[in-house]
Amino acid sequence: MNAPEVVVIDYGVGNLLSVQRGLEHCGAKVVLTAEPDQIFAAKRVVLPGVGAFDNAMQALERLNLVKVIQELATRPIPLLGICLGMQLLLEESEEFGITAGLGLIPGRVIPVPTQTLSGEKQKIPHIGWNSLHPSSTSVGWDGTILQDNSPGDAAYFVHSFMAVPSDPSHRIAECRYGGHLISATIGRDQITGCQFHPEKSGEVGLKILRRFITS
Amino acid sequence: MLAKRIIPCLDVTAGRVVKGVSFVELRDAGDPVEIARRYDDQGADELTFLDITATSDDRGIIFRIIEEVARQVFIPLTVGGGVRQVEDVRNLLNAGADKVSINTSAVVNPQLIADASARYGSQCIVVAIDAKQVAPGHWEVFTHGGRKATGLDAVQWALKMQKLGAGEILLTSMDRDGSKIGFDLPLTRAVSDALEIPVIASGGVGNLQHLVDGVKQGGADAVLAASIFHYGEYTVQQAKQFMAQQGIEVRL
Chain A
1 MNAPEVVVID YGVGNLLSVQ RGLEHCGAKV VLTAEPDQIF AAKRVVLPGV GAFDNAMQAL
61 ERLNLVKVIQ ELATRPIPLL GICLGMQLLL EESEEFGITA GLGLIPGRVI PVPTQTLSGE
121 KQKIPHIGWN SLHPSSTSVG WDGTILQDNS PGDAAYFVHS FMAVPSDPSH RIAECRYGGH
181 LISATIGRDQ ITGCQFHPEK SGEVGLKILR RFITS
Chain B
1 MLAKRIIPCL DVTAGRVVKG VSFVELRDAG DPVEIARRYD DQGADELTFL DITATSDDRG
61 IIFRIIEEVA RQVFIPLTVG GGVRQVEDVR NLLNAGADKV SINTSAVVNP QLIADASARY
121 GSQCIVVAID AKQVAPGHWE VFTHGGRKAT GLDAVQWALK MQKLGAGEIL LTSMDRDGSK
181 IGFDLPLTRA VSDALEIPVI ASGGVGNLQH LVDGVKQGGA DAVLAASIFH YGEYTVQQAK
241 QFMAQQGIEV RL
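Order-wise, the sequence lines are chains A and B.
Going letter by letter, the first sequence gives residues 1 to 215 in the working numbering.
Going letter by letter, the second sequence gives residues 1 to 252 in the working numbering.
One chain only, chain A, in its complex shape (with noise of 0.2 angstroms):
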C-alpha cells in the first residue's frame, strides 16, 4: 500500500481519464477530487484541463479552487499543471479577452502564431509530436521532471495558445513551430507545467511521471 499518491483536481474540464490511467500505468494511486481537505492533503497534484481559458477559471471559482490551489502553491507539495492545466498557472490569458489565471508563474498566455516566421501559413491547433529542448535561459533539466529525458524526445502537442512566463529562467523546455519558440514545459520551486500530454507521449511521457510521482 505504499503507492506513491496523486490527487488530480477534478473541476469538470475535459477528460481525466487519461491522466489517470497514465498516473496509474506508473504505479500511482490517483485520487480524483475537488475537495479541498483531499488537495491540501495530497503529497502531490495534477491540475489537468482542456478546452478553454475563461471555462476553466469558472470551474475553478464556482468549486472556490483558487484559493485553494493559490495556498497549495505556498505549500512544499509539488504540482503539475498539463497543457490548458499549464496555462491555468500563469497571471492571465488573452483568450476571449483577458481572463485572469492562477497566477502562480509570472506571465501570460498568447496565440499561436498563426503564420511561421518566414511568413508563411501554418495550422492551428498546434497538434502532433513536436521535440523537447532545454531553454537555453533555463539551467538544464537536472531536478526537473524531465531529469530522466533527454534532448529531442518528442512529446504529444494540442493547442492553440502558448504561455510566455515574463521570467525567462521560468521555461526548461521549449519546442519550434514554424521557427517560433513555445513553452513546452515551464516551472519554478514545486510547480511545474507541460503544455504537452506527458499521459498521451508514449514512454518519453511515462517517465516524465514516473519523475514526477517520485518528486
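Mixed in with the good hints, there may be bad ones.
Sample of chain B residues at the chain A side, in silico, Cβ under 8 angstroms [to be verified]:
(1) ARG16
(2) ARG71
(3) ILE75
(4) ASN94
(5) GLY96
(6) TYR120
(7) GLY121
(8) ASP221
(9) ARG251
Keep in mind that the hints were calculated from the coordinates and are not lab data.
All residues carry an ideal CB built from backbone N, CA and C; glycine is no exception.
Given the coordinates of chain A, work out where chain B should sit on it, guided by the hints.
Coordinates of chain B only, in the frame set by chain A:
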C-alpha cells in the same frame, strides 16, 4: 519541429479489425487490442478506430475495445462511427478516446460540432469527410459510409466545419479508398490550403511513396493508412524511416 504524423486506422466491426475495398468487401485483419499494441510498438503517432458496425446491437463492443487499448497504449486515440449526439462524444471520451470523429451526423446536424466542441474543446472533435470527385477540381461530400450523396462541396463543407469548431479534418477520398494507388492529391491539397486546422489525408495508400506524396504534394499534416500496415507489407517504423529519408520531419 512539429513532426508529420502517421496514423494507422483500424476499422472495427463485431470486435474485429477489417478492411474493405471502396467501402465494401470486408476482409478480417485481426484483434483490435493486439493490433493497437503492435502499432504503438512500431512508433505510430496516433491510432484511429472506426466503428463500422451497422447495427446498434454491437455498439458496446467498441467501448470495451477502447477501454482495453487505453489501458495499454499511451498515445492519442481517435474513435469514430455512429456518433450522433453530444452524449456519444462524452461516452467515448469516458471510455478512453482522446478525440472523437464525426461524419454523417455532422451533415445531418451541424450544430452537433458546435455543441461538442464548445463542451469538450475543439482539440477532441475531428470531422471526417468522405469525398468523391464529381468534376475536375470539384468533390462532393458523401455520408452513411459513402452511400448517400449530400450535394455539399467538400472544400466548402470543410471550411464550415472549421468555423463551427472542428479541431481537425479527416479527409477520405472515396475514389481512392482501398485502391492502393495513392491519395487523391488535388483533393487533399485543395482542402489543406483552404483550412487553418490540420488535415489528415486518407484513402488509397498502397506504398510508402504515397505517404510522402500526401505530405509533400497534398499538404497533409498527417497521413492515415490501414491495409499497408495490417497485412504486414510495411511496419510503421519503415514508413517513418522512408519519409525521413525523403526529408519529412517524423518522430523516430
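Cross-check of the supplied hints:
1. Restraint check, ARG16/B versus chain A: the minimum CB separation of about 24 angstroms is more than 8 angstroms; hint violated.
2. For ARG71/B, the shortest C-beta to C-beta distance to chain A is roughly 6 angstroms, which falls under 8 angstroms, so the interface hint holds.
3. Contact between ILE75/B and chain A, as hinted, is supported at the beta carbon level, the nearest pair being about 5 angstroms apart and thus within 8 angstroms.
4. Given hint, ASN94/B at the interface with chain A, holds; its Cβ is 6 angstroms from that chain's nearest Cβ, closer than 8 angstroms.
5. For GLY96/B, the interface hint holds, since its Cβ comes within 8 angstroms of a Cβ in chain A; the closest pair sits about 6 angstroms apart.
6. At about 7 angstroms, the closest approach between the beta carbon of TYR120/B and any beta carbon in chain A falls short of 8 angstroms, and the interface hint on this residue holds.
7. Checking GLY121/B against chain A by beta carbon gives a least distance of about 4 angstroms; that is within 8 angstroms, so the hint holds.
8. Of the supplied interface hints, the one on ASP221/B holds, with its beta-carbon coming within about 6 angstroms of a beta-carbon of chain A, less than 8 angstroms.
9. Hint status for ARG251/B relative to chain A: holds, with the closest Cβ pair at about 4 angstroms, below 8 angstroms.
In the structure shown, a violation is registered for the earlier hint numbered 1 alone.
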